[in-house]
Amino acid sequence: MELLMEKSEDTGSEKHVPIIMKTGNGFRVKVGSVPHPMEEKHYIVWIEILADGRNYRKYLNPGEAPEADFCLSASKISARAYCNIHGLWRAV
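For reference, each letter of the sequence shown is one residue, going 1387 to 1478 in the working numbering.
Listed next, the in silico EDC-like pairs over lysine to aspartate or glutamate satisfying Cα-Cα at most 20 Å (straight line):
(1) Lys1401 <-> Glu1453
(2) Lys1393 <-> Glu1453
(3) Lys1416 <-> Glu1392
(4) Lys1444 <-> Glu1425
(5) Lys1416 <-> Glu1395
(6) Lys1427 <-> Glu1450
(7) Lys1444 <-> Glu1392
(8) Lys1462 <-> Glu1392
(9) Lys1408 <-> Asp1438
(10) Lys1416 <-> Asp1455
(11) Lys1416 <-> Glu1450
(12) Lys1408 <-> Asp1455
(13) Lys1401 <-> Asp1455
(14) Lys1401 <-> Glu1434
(15) Lys1416 <-> Glu1400
(16) Lys1408 <-> Glu1453
(17) Lys1401 <-> Glu1426
(18) Lys1462 <-> Asp1438
(19) Lys1401 <-> Glu1450
(20) Lys1427 <-> Glu1453
(21) Lys1401 <-> Glu1425
(22) Lys1416 <-> Glu1453
(23) Lys1444 <-> Glu1434
(24) Lys1416 <-> Asp1396
(25) Lys1408 <-> Glu1434
(26) Lys1444 <-> Glu1426
(27) Lys1444 <-> Asp1455
(28) Lys1393 <-> Glu1434
(29) Lys1416 <-> Glu1434
(30) Lys1462 <-> Glu1434
Derived DEER-like restraints, expressed as beta-carbon distance ranges:
(31) Glu1388 <-> Asn1411: 31 to 41 Å
(32) Lys1444 <-> Leu1390: 12 to 22 Å
(33) Thr1397 <-> Glu1425: 14 to 24 Å
(34) Glu1425 <-> Ser1461: 34 to 44 Å
(35) Gly1410 <-> Glu1388: 30 to 40 Å
(36) Thr1397 <-> Ser1459: 29 to 39 Å
(37) Gly1473 <-> Asn1447: 12 to 22 Å
(38) Glu1426 <-> Leu1390: 20 to 30 Å
(39) Val1431 <-> Ser1464: 17 to 27 Å
If you're looking for bench data, these hints aren't it; they were derived computationally from the structure.
A virtual CB, placed ideally from N, CA and C, is assigned to each residue, including glycine.
Starting from the given sequences, assemble the full structure and let the hints guide the process.
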(Lines of atoms letter the chains of each structure in order from A and count residues from 1; the text may use other names and numbers.)
(Lines give C-alpha, C1' and ligand atoms only; values in the text may rest on other atoms or scores of the structure.)
Protein backbone atom coordinates (compact mmCIF):
# COMPACT_ATOMS: atom_id res chain seq x y z
CA MET A 1 0.00 0.00 0.00
CA GLU A 2 1.24 3.47 -0.86
CA LEU A 3 0.22 6.70 0.89
CA LEU A 4 -0.70 9.26 -1.77
CA MET A 5 -0.13 12.96 -1.31
CA GLU A 6 -3.02 15.18 -2.42
CA LYS A 7 -2.20 17.73 -5.10
CA SER A 8 -4.08 20.92 -5.78
CA GLU A 9 -1.50 22.95 -7.66
CA ASP A 10 0.84 21.46 -10.21
CA THR A 11 1.27 21.15 -13.94
CA GLY A 12 -2.04 19.89 -15.28
CA SER A 13 -4.14 21.20 -12.39
CA GLU A 14 -6.67 22.63 -14.88
CA LYS A 15 -7.56 19.03 -15.86
CA HIS A 16 -7.38 17.42 -12.42
CA VAL A 17 -8.62 19.66 -9.59
CA PRO A 18 -12.24 18.81 -8.65
CA ILE A 19 -14.83 21.58 -8.87
CA ILE A 20 -17.82 21.36 -6.48
CA MET A 21 -21.20 22.81 -7.51
CA LYS A 22 -24.39 22.93 -5.43
CA THR A 23 -27.43 21.39 -7.16
CA GLY A 24 -31.09 21.08 -6.24
CA ASN A 25 -30.53 17.57 -4.88
CA GLY A 26 -27.04 17.90 -3.41
CA PHE A 27 -23.70 18.43 -5.14
CA ARG A 28 -22.06 17.80 -8.51
CA VAL A 29 -18.30 17.35 -8.73
CA LYS A 30 -16.61 17.89 -12.10
CA VAL A 31 -12.94 17.12 -12.59
CA GLY A 32 -11.04 20.05 -14.04
CA SER A 33 -11.91 23.45 -15.46
CA VAL A 34 -10.85 21.80 -18.73
CA PRO A 35 -12.48 18.35 -19.03
CA HIS A 36 -10.12 15.49 -18.16
CA PRO A 37 -9.58 12.82 -20.84
CA MET A 38 -11.43 9.57 -20.19
CA GLU A 39 -9.45 7.16 -22.38
CA GLU A 40 -8.45 3.53 -21.74
CA LYS A 41 -4.90 4.52 -20.78
CA HIS A 42 -5.63 7.83 -19.03
CA TYR A 43 -8.76 8.50 -17.00
CA ILE A 44 -10.25 9.52 -13.65
CA VAL A 45 -10.70 6.32 -11.64
CA TRP A 46 -12.94 7.81 -8.94
CA ILE A 47 -14.41 11.00 -7.55
CA GLU A 48 -14.96 11.34 -3.82
CA ILE A 49 -16.90 13.90 -1.80
CA LEU A 50 -16.26 14.38 1.90
CA ALA A 51 -19.45 15.67 3.50
CA ASP A 52 -19.64 16.47 7.22
CA GLY A 53 -17.00 13.85 8.01
CA ARG A 54 -18.38 11.09 5.76
CA ASN A 55 -16.88 9.90 2.48
CA TYR A 56 -18.90 9.08 -0.65
CA ARG A 57 -17.16 7.78 -3.78
CA LYS A 58 -18.18 7.16 -7.39
CA TYR A 59 -16.00 4.94 -9.58
CA LEU A 60 -15.73 5.85 -13.26
CA ASN A 61 -14.83 4.00 -16.45
CA PRO A 62 -13.11 5.18 -19.63
CA GLY A 63 -15.62 6.87 -21.91
CA GLU A 64 -17.75 8.28 -19.07
CA ALA A 65 -17.89 11.98 -18.22
CA PRO A 66 -15.41 13.00 -15.47
CA GLU A 67 -18.17 14.11 -13.09
CA ALA A 68 -20.37 12.71 -10.33
CA ASP A 69 -23.64 13.70 -8.66
CA PHE A 70 -24.05 13.19 -4.93
CA CYS A 71 -27.58 13.47 -3.54
CA LEU A 72 -26.90 14.59 0.01
CA SER A 73 -27.08 17.53 2.35
CA ALA A 74 -24.01 18.81 4.18
CA SER A 75 -22.56 21.99 5.60
CA LYS A 76 -18.87 21.03 5.30
CA ILE A 77 -17.82 19.79 1.83
CA SER A 78 -14.58 18.94 0.07
CA ALA A 79 -13.76 16.69 -2.88
CA ARG A 80 -10.97 14.56 -4.27
CA ALA A 81 -10.36 12.76 -7.56
CA TYR A 82 -7.88 10.06 -8.55
CA CYS A 83 -6.24 10.01 -11.99
CA ASN A 84 -4.66 6.69 -12.95
CA ILE A 85 -1.54 8.50 -14.23
CA HIS A 86 -1.25 11.76 -12.25
CA GLY A 87 -2.48 10.62 -8.84
CA LEU A 88 -4.70 12.14 -6.17
CA TRP A 89 -6.09 15.68 -6.47
CA ARG A 90 -8.21 17.74 -4.07
CA ALA A 91 -10.52 20.70 -4.47
CA VAL A 92 -9.04 24.00 -3.28
